[in-house]
Every structure is written in structure tokens, then in C-alpha cells.
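Asks: Residue numbers (the working numbering): 56 to 303.
Everything labelled a hint here was simulated from the structure, so no lab data went into it.
Please note that the accuracy of each hint is not assured.
Simulated DEER-style distance windows between Cβ atoms [as the list claims (entries may be wrong)]:
hint : residue 1 : residue 2 : range
1    : PRO260    : ARG153    : 28 to 34 Å
2    : GLN200    : GLN132    : 53 to 59 Å
3    : ARG275    : ARG299    : 26 to 32 Å
4    : GLN115    : VAL246    : 19 to 25 Å
5    : ALA255    : LEU289    : 18 to 24 Å
6    : GLN115    : GLY256    : 30 to 36 Å
Just so you know, even glycine gets a beta-carbon here, dropped at the ideal spot from N, CA and C.
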Amino acid sequence: MPYISKEDFTALEVGTMRFRILAIATLITTIGLAASPSLSQIDLNAQLNAQLKQAVCAQQWRQAIQILDRMRARVPQMESELVSYRRQIQALANTRARIQNWPPNYCTAATSAPVQATQPTPTATPATPATPTTSAITGTVAVNQIEAVFRGRRVRGTVANNTNNPVTQIKVTYNIVRTTDADGQTIPEQVLQTGSAAIAGTIQPGRQVPFESLVNLQIRGSAKVVSVAWKNTLDGSDGANPPRRIAQ
Numbered sequence: 056m057p058y059i060s061k062e063d064f065t066a067l068e069v070g071t072m073r074f075r076i077l078a079i080a081t082l083i084t085t086i087g088l089a090a091s092p093s094l095s096q097i098d099l100n101a102q103l104n105a106q107l108k109q110a111v112c113a114q115q116w117r118q119a120i121q122i123l124d125r126m127r128a129r130v131p132q133m134e135s136e137l138v139s140y141r142r143q144i145q146a147l148a149n150t151r152a153r154i155q156n157w158p159p160n161y162c163t164a165a166t167s168a169p170v171q172a173t174q175p176t177p178t179a180t181p182a183t184p185a186t187p188t189t190s191a192i193t194g195t196v197a198v199n200q201i202e203a204v205f206r207g208r209r210v211r212g213t214v215a216n217n218t219n220n221p222v223t224q225i226k227v228t229y230n231i232v233r234t235t236d237a238d239g240q241t242i243p244e245q246v247l248q249t250g251s252a253a254i255a256g257t258i259q260p261g262r263q264v265p266f267e268s269l270v271n272l273q274i275r276g277s278a279k280v281v282s283v284a285w286k287n288t289l290d291g292s293d294g295a296n297p298p299r300r301i302a303q
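Model the full assembly from the supplied sequences, consistent with the hints where possible.
Replies: Written out as C-alpha cells, the structure is:
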């Protein structure tokens with residue numbers, strides 16, 4: 056997961072790709088939109104605003120997106136502003152950004168409470184659980200076949216798109232392993248070296264494409280798939296097989 060300094064926040068590097076995202080001053084200004092009085096005139100809006108602030112300050116981007124969607128339904132007159140803000144938060148969520156030196160002014164400032172004409176009777180209000188999101192993406196991308204040329208350096212295989220959307224930026228990671236000794240006796244699996252293959256272009260659902268790559272050392276074992284990673288074009292999310300463990 057990338058970490059971004061406050062000064063270098065205008066550029067985010069993920070692998071070999073760079074994504075241009077918001078300057079820090081612009082992001083703070085946009086965050087201020089969610090705390091504007093127009094969103095705090097109703098108790099529910101103030102509650103959503105507080106929840107949004109808490110999520111943003113904790114850098115829980117996907118939780119912030121859920122709250123923004125609830126705000127859009129509650130305050131339709133601010134649809135364009137909220138959609139713009141959601142798009143910026145989505146960019147941070149897609150890259151799993153973690154920002155160092157997160158600006159303290161916004162996160163430590165008190166959230167404005169709605170002005171009430173009369174003192175209400177205190178009532179216990181149960182917390183509203185966050186609505187879980189359900190991804191529209193189904194299926195995985197998998198390697199159907201992989202083989203290594205013994206005493207060579209070439210690894211070949213075939214990868215298949217078993218999802219319901221076109222995928223791109225596919226990367227296959229594999230190990231060259233040995234499971235027998237010089238006498239042909241079975242031994243515990245030994246990883247001799249690791250390699251990867253990047254597949255250019257887009258693979259449509261239900262299609263498969265071949266891949267080929269070279270390893271650094273002469274191959275004296277067999278190829279074994281470690282993982283497959285890709286990007287879904289339907290919603291811009293990242294996919295992995297086996298799935299990555301999401302840090303809490």
C-alpha cells in the first residue's frame with residue numbers, strides 16, 4: 056500500500072504506473088464541502104457529516120464512499136458537488152492510498168451541530184450500521200496451463216478470463232520449484248527462483264490468451280503458479296487470485 060508525503064501528494068506511484076491525483080490543498084477544500092451548513096440543517100445530515108469526517112480522517116476511503124452515497128440520496132440538490140467529491144475519494148480507494156502527515160486542522164476541528172429552536176428530549180438513538188457493498192464483479196482470472204523449458208530460461212502458459220467483465224493489466228507470478236533429488240526421490244518442495252509475466256492488452260470475458268517470459272537462471276525444475284493479478288474495467292477495481300488479504 057503506497058504512502059504519500061504531504062509535499063509529494065500530487066503524484067502517486069503504484070508499481071511502474073503513476074496516477075495524478077488531487078493536490079492536498081484542493082482535497083482539504085473539498086472535504087470542507089461536507090461540513091458546510093447546507094448539509095447540517097437536518098439532524099440526519101449532521102450525523103452523516105460526522106460519520107463522513109470520521110471515515111475521511113481515518114482514511115477509510117470505501118466507508119466514506121458509502122456515506123457519500125447516502126448523502127446524495129438525502130440532499131439531491133448537492134448532487135454534482137457530492138459526485139465530484141466521491142470521484143476523488145474513489146481514486147484514493149482504488150489505489151489504497153495512505154497519506155502521511157494527514158492535515159490536522161480538518162480532522163481536529165469540531166463538526167458543526169445543527170441549530171435547534173427548542174431543547175429536544177434526550178433519546179437513545181441506535182447506531183446505524185454501515186451498508187455492506189456488493190461487488191458487481193464475479194469470477195476470477197486463472198492460469199489454465201504453465202510449463203518451463205528444462206535447462207532453458209523460457210516459461211510459457213495460458214491465462215483465462217473467467218470473470219463477467221473485460222480485464223487488463225494482467226500479471227502472472229510463478230515459482231520454479233524442485234520436488235525430486237538427483238536420484239528421482241521425492242523431496243520437500245524447494246523454490247529455486249521466482250518470475251513473472253505481464254500480459255498486455257485486454258482479455259474479454261470467457262477468452263484466454265497465451266503468455267511467455269524469461270527467468271534469470273537456467274531452469275532445473277518445474278513452473279508453479281503463485282498468483283494472478285488484474286484490473287477490472289467494469290468498476291476499475293483490482294482483482295487477485297488468490298484474493299489479497301485486506302488490511303483492517
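Asks: All the hints need checking, so say for each whether the structure fits it.
Replies: Here's how the hints hold up against the structure:
At roughly 33 Å, the beta carbons of PRO260 and ARG153 sit within the given window of 28 to 34 Å. Checked against the given bound of 53 to 59 Å, the beta carbons of GLN200 and GLN132, roughly 56 Å apart, stay inside it. Checking the proposed 26 to 32 Å range against ARG275 and ARG299 shows it holds: the Cβ atoms sit about 31 Å from each other. In this structure, GLN115 and VAL246 break the distance hint of 19 to 25 Å, their C-beta atoms being roughly 36 Å apart.
Checked against the hint of 18 to 24 Å, the C-beta distance between ALA255 and LEU289 comes to roughly 20 Å, which is consistent with it. One distance hint, 30 to 36 Å for the beta-carbon pair GLN115 and GLY256, holds here, with the actual separation near 34 Å.
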